[in-house]
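Colleague: Below are the chains, spelled out letter by letter.
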Amino acid sequence: MKQMVILSGKGGTGKTSIAAALAHLAFQELSLVLADADVDAANLELVLDPTKREAHDFMSGQLAVIDPKKCTACGICAQVCRFDAVIDADRVYRIDPLACEGCASCFYQCPDEAIRMEEQQSGMWFRSDTRFGPLFHAHLFAGQENSGKLVTLVKQHARVRAMNDGAGLLLVDGPPGIGCPVISACSGADVALHVVEPTISGAHDLERIMGTTDHFGVPSLVAINKADLNLARSEAIAAFCAERGVEVVGRIPYDTVVTEAMVHGLPVTEYVDGPVTEALGKMWSRVKSWLD
Amino acid sequence: MIVTIASGKGGTGKTTVAVNLGLSLAAESKFTNPLFLDCDVEEPNAALFLHPTIHERREVGLMVPKVDAAKCTYCGRCAEVCQYHAIAVVGEGVLVFPELCHGCGSCSINCPTGAIDEVLHVMGSIERGQVNGIEFAQGTMNVGEPMAIPIIRQLKRWVIPPAPDDRPIILDAPPGTACPVVESMRGADFVLMVTEPTPFGLHDLRMAVDVARGELGLPVGVVVNRDGVGDKGVDEYCAAEDIPILMRIPLDRRIAEAYSDGTPLVEVLPEYGKRFVELWQRMAGGYR
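Residue numbers (the working numbering), protein chains in the order written: chain B, 3 to 294; chain V, 9 to 296.
It is possible that some hints are incorrect.
[Stated by the list, open to error] Taking beta-carbon pairs under 10 Å as the criterion, some of the chain V residues facing chain B (in silico):
{"hint": "1", "residue": "Val89"}
{"hint": "2", "residue": "Pro182"}
{"hint": "3", "residue": "Val190"}
{"hint": "4", "residue": "Tyr267"}
In short, the hints are calculated from the structure, not lab data.
For each residue, glycine too, the CB sits at the ideal point set by N, CA and C.
Isolated chain B, as found in the complex:
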């Protein structure tokens, strides 16, 4: 079983549209398990029409809570908190749940034992079925921490399922950025497919995300999306990749059919034939020969 993660650094370059298309294409040749690792903006379900089979609470970390009956307003909690999470409203102390990082420093320092730590639910995770295979996905509640932990959880379940099913490919749709959820998304991957746009920011962010996957020992492939939007920049990205010994496996043209397909809730390759679908088909064969 191979594991491929789709990343980009910069957001909105087409990770999910490409993940959905690859799922559609890969499904025709091998058995597949899917994981959406973008847990705070999970969009893969919008184009794969999943049927939810299981839903689980995601319990993560804890938050401090002040018992006003026991609190003597000494203010020590506010002094030790480094996250500005203790709100002092006229010597009535309470914890801002969005700022609290659950370190329990206030809990240990409170002389009146007025603070308790409460386990928090900060999201849900799901096992669903799609026409291309099982999908593991999640929903991190608004503004929550520990997205990396939730990504790890989603991927663990997806991986176990893929091994039990003897699946050929675990396809992971990753989050933007280079931080903790990205690190969780690329851990254990055999290859990262970076989706980049031929823009000044796309190229800048590619270098940083590739630095991240290099750092964690995950080899890279690159897909240039909207390649004809700026041919000179596409060439510059290809040259940068060649210098690093990274293969550009696809160049997908700029075409509003990608958005139309999304509006219809379908992978673009399923929605329409044309230059985009053709480019994605070629890309899938390159990816497949790389995986083999």
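Given the structure of chain B, go ahead and fit chain V onto it with the hints provided.
Modeller: Just chain V, lined up with the frame of chain B:
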């Protein structure tokens, strides 16, 4: 007035709106020079469009424990109080895992023999400079580091004055709806959501509104970018939720091409300057 530019979904045009808003306000003499903060420390891009001259740079990170072996009795209290498993006592040794540490200081406060000092673990840098009447600041997280929040927090503390007045302060937030986005919105007077009129854009806009309005109680408004592509979902949602659509930027290949080369929109289509100033005035006028 502090405005955070957010979106939920990535790549909808946050940086485009933030940069052009900054340039347009800087060009108008009636505004104090705007302050611009690039809070997308994982992938900071605003400088690619603004080309600021940087005149000050600091390394930032978290204070992580450093154990003095001469004073340590290996009692294990530090490991017991650490909620992140960032410090462990193994026989006659103490292991510290800086990448797991949140810098809360609990281990050092609780150490009975005062054996724990705190030293800076560098996670990135913050910089400030200037360009075209904009006071510019950005944070950059080092590749391989997991935590963006400490960098965003220190960037804000460094450059945002304690009692901001009418001066325009613009924060360009990262994508998503998790904790780094919250940190970028905290303390703002208004959150401007840049979205595209597609199912992905709408799905993530809803979640970003849940954070800004639902969790933080902040007023929000929307900029619809690439207007004309996609469907009517964003318009219907905004009408139902009583969220003002403050600006529309049409789908226009010229805009996308200029963006790809790092050219600000107001340079290619100068008529947008006035529209960005109006956008600011509508936000400052107390849209809810």
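Colleague: Work down the list of hints and note, for each, if the structure agrees.
Modeller: Hints, one by one, checked against the model:
Given hint, valine 89/V at the interface with chain B, holds; its Cβ is 6 Å from that chain's nearest Cβ, closer than 10 Å. For proline 182/V, the suggested interface contact is upheld, since its CB lies about 6 Å from the closest CB of chain B, less than 10 Å. With 10 Å as the threshold, the beta carbon of valine 190/V comes within range of chain B, its nearest partner Cβ sitting at about 4 Å, so the hint holds. Of the supplied interface hints, the one on tyrosine 267/V holds, with its beta-carbon coming within about 6 Å of a beta-carbon of chain B, less than 10 Å.
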